[in-house]
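> Protein chains in written order, with this note's numbering: chain V, 1 to 476; chain E, 1 to 347; chain S, 1 to 252.
Calculated from the structure, these hints are not laboratory results. A portion of the hints provided could be inaccurate.
Said to hold, decoys possible - To give an idea of the chain E side of the interface with chain V (calculated C-beta under 7 Å), a few residues:
hint	residue
1	S55
2	R85
3	E202
4	V279
5	L284
6	D289
7	G300
Every residue, glycine too, gets a C-beta built ideally from N, C-alpha and C.
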Amino acid sequence: MKAEEKLKEDYKYGFVTDIETEAFPKGLSEDIVRLISSKKNEPEWLTEFRLKAYRQWQKMSHPEWQAVDFPKVDFQAISYYSVPKTKKKVGNLDEVDPDLLETFEKLGIPLTEQKRLMGVAVDAVFDSVSVGTTHQADLEKVGVIFCSISEAVHKHPELVRKYLGTVVPAADNYYAALNAAVFSDGSFVYIPPGVRCPLDLSTYFRINAKESGQFERTLIVADKGSYVNYLEGCTAPQRDENQLHAAIVELITLDDAEIKYSTVQNWWAGDKSGRGGIYNFVTKRGHCVGKNSKISWTQVEAGSAITWKYPSCVLLGENSVGQFYSVALTNHHMQADTGTKMIHVGKNTRSTIISKGISAEKSLNVYRGLVKIMPSATGARNYSQCDSMLIGDACGAHTFPTIDVKNDSAVVEHEATTSKISADQIFYLRSRGYTQEKAVSLIVNGFCKDVFKTLPLEFSVEAVKLIEMKLENSVG
Amino acid sequence: MKLVGFHHATEISAPTGEAWRYTKFALPEEMRPANVAASAHAEITLSGNSFTTRSVPGVTACNWQDFVGPYAADAWAQLPVAENRLALQVVGDVSLQFDVLRSSSGATVGALQFQLAPGARLTLWQECHGDAEGLSVATLQFIVGEGAEVNHAFRSKDQGNSVLTFETQLAARARSTTVGHVRGTGKTRLQAGTILAGTEAEARLATLMQLGGQAHGDLHSVFRHDHADTRAHQLAKNLLDGEAKAIFTGRVHIARHAQRVDARQMNRNLLLSKKAWAVGQPQLEIFADDVKCGHGSSTGQIGDDETFYLLSRGIPADKARALLTRAFVAEVFYQAPGSLRERLEAP
Amino acid sequence: MLEIKNLSARVEGNDILKGINLSVKAGEVHAIMGPNGSGKSTLSKVIAGHPSYEVTGGTITYEVNRRPADLLAMEPDVRAKEGVFLGFQYPVEIPGVSNLDFLRESFNEVCAHQGLDRMDEEAFRQFARQKLALLDMDERFLDRDVNAGFSGGEKKKNEILQMAILNPRLALLDETDSGLDIDALRIVAKGVNALRSKHNAIILVTHYQRLLELIVPDHVHVLAGGRIIKSGDRTLAQELEKRGYDWLLEKT
C-alpha cells in the first residue's frame, strides 16, 4: 500500500459521501445573501440582519495580527450554500436520506431511533444544513428547545431575535461579519428557568461538499437557574484543497445558570506535507449576564490546518465565573493560534484558564490570551496556567498572554512553563515495560490531565485516543 | 518632530505598531539641545547634544562597533547618530557613574557604547534627571567579551519624557546584571534588549517602576537566546499609585539550536489606588525543545496572608503595609551587587 | 483564660466550624487532634483573627487584665499585643524584610502596648541571642529575610523563636510538628516546654501523637466535622494513635 494511502487510512473519517447536493454558484454578493435568506423563507428582520452584516463586512479588511501564516482566502471562489437534495420535507428522522444516516453512523453518531446515543441529543448538520435532531420529544416535555437555527427562526422567532448577535455582533471582527451575512444553519438551544437539561446536547458538524465554506451559528440561552452540558464535535473528509469553516457560537447565562461547552475537534489537518486541511476560524463567546452564572469552555484541538479561535467570556453578572480548559495539539505542518479572553466587568467575578499546548514535528502552537479587568470589576480573581510541551526539535511554542488590570482590588496570577518529554522519563517507563509509544502517551496524558478531567466521560475517552493517534510516530 | 542643533538634523515621527501600542509621546515640532554643565559626580555626562568625560584608568575611547541588537530597527534607539555617539573600551576592573541630564525644555540625545575586553569588569551607576518639559533619548550598549562582566544599575527621576534603550550582547561566559529604578513623574519608555550569543552567557534584569500621579512607565524587553546553555532571569515590578500606568512587554526568544536554556521571567504589580493601571504581556517564542522556560505574573494588592502574619505579631496595619511595600521594592534592589545596591537603596 | 462558646465560622463560603465549645485555663496545655479538613487550622486562625475567616456565631472570651474581654471584637494586631500568639502551619515568606527588623518591630509594639520600654537594635540582639541559643539557632539567622529560603524545619523553629521573644499568654501552635525530623522536633519541643508556666496556656493542633510525647498535654480534644466530638486526657491521644479516628467517627 502506498504511503499516501496509509496516511489517509490514519484519518478514518476521510471518506466522501456520494450524495446529490444543491449548491449556489461560487462567490459572494448582496444577491447571494438575499438568495440564502429566501431559500430559507426567513422573516424580513433576519434578511436585514444579514444584509447589514454583509455591508459591514465589505468595509472591513482581513485581520493581519495572527501569527499563523496562510495564503489569502479567495472569498469569491467559495460557494456559500450547499444543501443535500432531499426528496421531500423531512418529518422525522426515519425519513432522512439513508446515505446521510449512514454517513453519521460511520462517524459514530447514529441517528436512527434504535441506535441513537443514550443520554445525548444530537443535532446533525451535514454541510450547511441541519439534517435532524434526536430526542426532541423528550426535551420538549421539560420545555427545552433544541433544534436547528432555521427551525427556531420559524418556531421561536422572539427568542432568536432577542438574543442573536447580542454576544458576537457583526462588527466584532471580519469573520463574524461574514458569518452573520451568510450563515446557513446551526443549533439553537433554550433552557427554561430552573431546568437542568436531562440530556447532554450535541451538534455534529460534517463538511462534505468540495469548495464550500461552512458558516454555522450556534446560540445557547440558559435562563435563570438552568444548566446544560453541550458537546460539539466535528469532522471533515480529506481533500487536497482547503476548506473554510467560519463559525460563531454565542452563549448566554442568566442568573444562577450554567453552560458547559465542550469541543473535541478532529478536522482533517492536511497531509504530512501541509496540503489540504480545514481553515478553522471561529468566534466563540459567552456572556455571563446573570448573577452567579457560569460558563465553561473545554476544548481539545487536534486537527485543522489552521485553527484560529478564542473562546471568551465576558463576566457581567456579580459573582459570575468563566473557565477555559484547553489542550491544543499540533503536528506536521499545523499551525494553531488560539487562546481565550476573560473580561471582568461585574463585581467579584472569577476566571480560570488552563491551557496545554503540545507541538510536534514542524508545527507551531501559539497561545494568545487576554485577561482584562475593567475598572468596575471590584474583587475580580483570575488564575491562568499555560504550559507547553515540545516534541522534537523542529516545532515551536509561543505564548503571548496579555494581562490588563484597571482595578486595584483584583488579583491576577499567571504562570507558564515549557517542557519536553525527557529521555529519563521515557527510559524509566520503558524499564517498567512500556513501549516507546505508550510511554509518550502516558506522559502526554499526564500533562493534559487537568483539562481532560473537565470533559464529559465520552469525550475524555475520545480525547485521549485522539491525542495518542496524533502522536504516533512523532517521538524519536 | 525635528531635532535641530544636533550635528545632523534628525527627524522622528511617532512610532506605530504593537510594540508602541500603549505609549505615545506628544512632542513639539522642533527640539533643541538642552545642554547643562557636567555633573561633578559622574565620569561621563550626556546632556543636550554632547558628552563630557573625565579620564578613568582602564577606559579608552575607541571606534563605534555596529551590532544588530533587538532594537536595531527602533527609531528611538537609533536616533543618536555619529557625533552624538561615544564608544569606550574597558579593560580590567572599572567603576563609573554616567549621568543623563537636561536643562529645561530641550532634548538630550546620545548613545554610549562600552566594549568590554575579555575578562574585564564594569560597575556602572547611572542617573537620569530632567524636568517636565523636555525629552531624553539615551541608548546604552554593552558589548561584553568572553568571561567579562557588567553590573549596571540606574535610577531615573525624569519628570518629562524619556526613552532609555539598553542593548547588551554577551559572548561566551559573559555576564550582565542590570537593575533599574524608575521614579519619574513623566512618561518613561525603557527598552532592554539582550542577546545571549555564547555558551554559558548569563543575564539578569530587574526593574522597579514606582509611579504615582500621572506618571507612565513602559518597559519593553527582549531576551534572545542565540546559543545553547544560556541563562536569563528577569524580574519586572511595578508599584503604582494615583493614576499611574505601567506596561510590561517581555519577549523571550529561544532559537532552535539553543538547547538547555534556562529562562525565567516574573512580573509583579502592586496597585495602591483605584485608578492605577497595569498591563502585562509576557511573550515566549520557543523553538528548542530542551529548555526550562517559565514566566509568571501576578497583579494585586498586598497579600492578606503576609499582612496577617505581621498583624499577628502585633505590628499595626499601617506599619505592616509600609513594611510589605518596602519588601516589595527591596526584592528588586537585592538583585544588584554590593555598592550598586547601596546606591539604589539610598533615597 | 479562654472561653469559647458555640463558635461557628466559615471561609470562602464554606461552613467549617459548627459550634465549638472549649475552655482553657492558665497553666494548661490542650491538644486538638482530628482528621484532615475537620477545622483544626480554622479554629486557630479564627482565634488569632485571620481576615479571610468569617465568624457566623458564638463568642470567644479572653482574659485581659484579669477581666473577661470579647476577643472577636479585637483587631488581630491588638490580640497579638494582648498576648495571643499563632504559630503558623505554613509560615509566610517575606523576602526583603530581615528577621531582626521584623522581630524587633513586633517585640517593641507589644512592649509599647503593655507599657514597657522599647529596645534598641543592640539591646535587642543581645536579648534575641539568648532565645536563639535555647533553640540551637545560629545568630546569623537574624540577618536573613523572614522565612525566605528557609527549610521547613527552620520555618517552624522561627515560629517558636518568635514565641520565645514575644512571651505570649495564649499560644496556638498549628501543626508545628509537621515536616520536622526527630532532632528538629526535639528542639522545638524543648523550646515550647521551656516557655510553659502557670501564667500562660498553649493549644497544640496536631495530627500525631509523637509531639504529645514530648509536650505532654493536660487535655486532648478531637475535632471532626467542625465540632469537638470527644475530650479526654493524654490517654485519649494514645488511643487515637492505636485505633485511628474511625472508631470515634462511627460512634457519632
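> All hints, please: hold or fail.
Hint-by-hint comparison with the structure:
no., hint, verdict
1, S55, "violated, 47 Å"
2, R85, "violated, 34 Å"
3, E202, "violated, 19 Å"
4, V279, "holds, 5 Å"
5, L284, "holds, 5 Å"
6, D289, "holds, 4 Å"
7, G300, "holds, 4 Å"
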